[in-house]
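Visitor: Quick note on our numbering: the sequence shown kicks off at 32 and runs consecutively.
Hints listed in this document are in silico derivations from the structure and should not be mistaken for laboratory results.
Cut-off 27 Å, straight-line C-alpha distance, at most; resulting in silico cross-link-like pairs (DSS-like, lysine-lysine):
1) Lys65 / Lys111
2) Lys143 / Lys190
3) Lys156 / Lys190
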Amino acid sequence: PETDFLSQMSAQLDQEAIQLNSELDRIRQEIAAKTARNDKLRQEVAAARAQQTGEAVPAPTPLEAAARQIDLGNRLYREKRYPESLEAFLAAAKLNPASAEAANNAGYLLSKLGRVDEARRWYEKTIEIAPRRAVVYVNLGDLYYEQNRRDDARRMYEKYLELSPNAQNAATIRARLGG
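Construct the entire structure; sequences and hints are all you get.
Guide: As structure tokens, this is what we get:
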């Protein structure tokens, strides 16, 4: 009786979670579309102002352009448009070679797309740029774990936990480490 009730509640909660995730995806897509529209309108307003005053519209700096590419990559990722998202992160990394975010995100997408050797190189580049960026260690650890390279995965997970001991996924990582 009680287990039946708990099973029914669990099934109902699972269904509600699926519905909520679906709604969140729809809302994220709406936000992404509105953000893109707002960016386009800002550019049009800047161009109109420049035309009125006779001034040239200043070109974005490489860092500004890289930040825009990162924003675009994040938006495309949320829309599950992974190859396009990867291209945006690679463009950001080219514009700003010191961007650990662009390098890590490129590595993550390359891994997701099954291009693990390239992913590993981007993760290593991220560590060179920002050795205290915790997320890269869990990403590289996951890549090694999936390749059954347990010792390499262990080193990456240990470094991740050293940098971020109270992370939301720390318990999962500790379980992979066997402790």
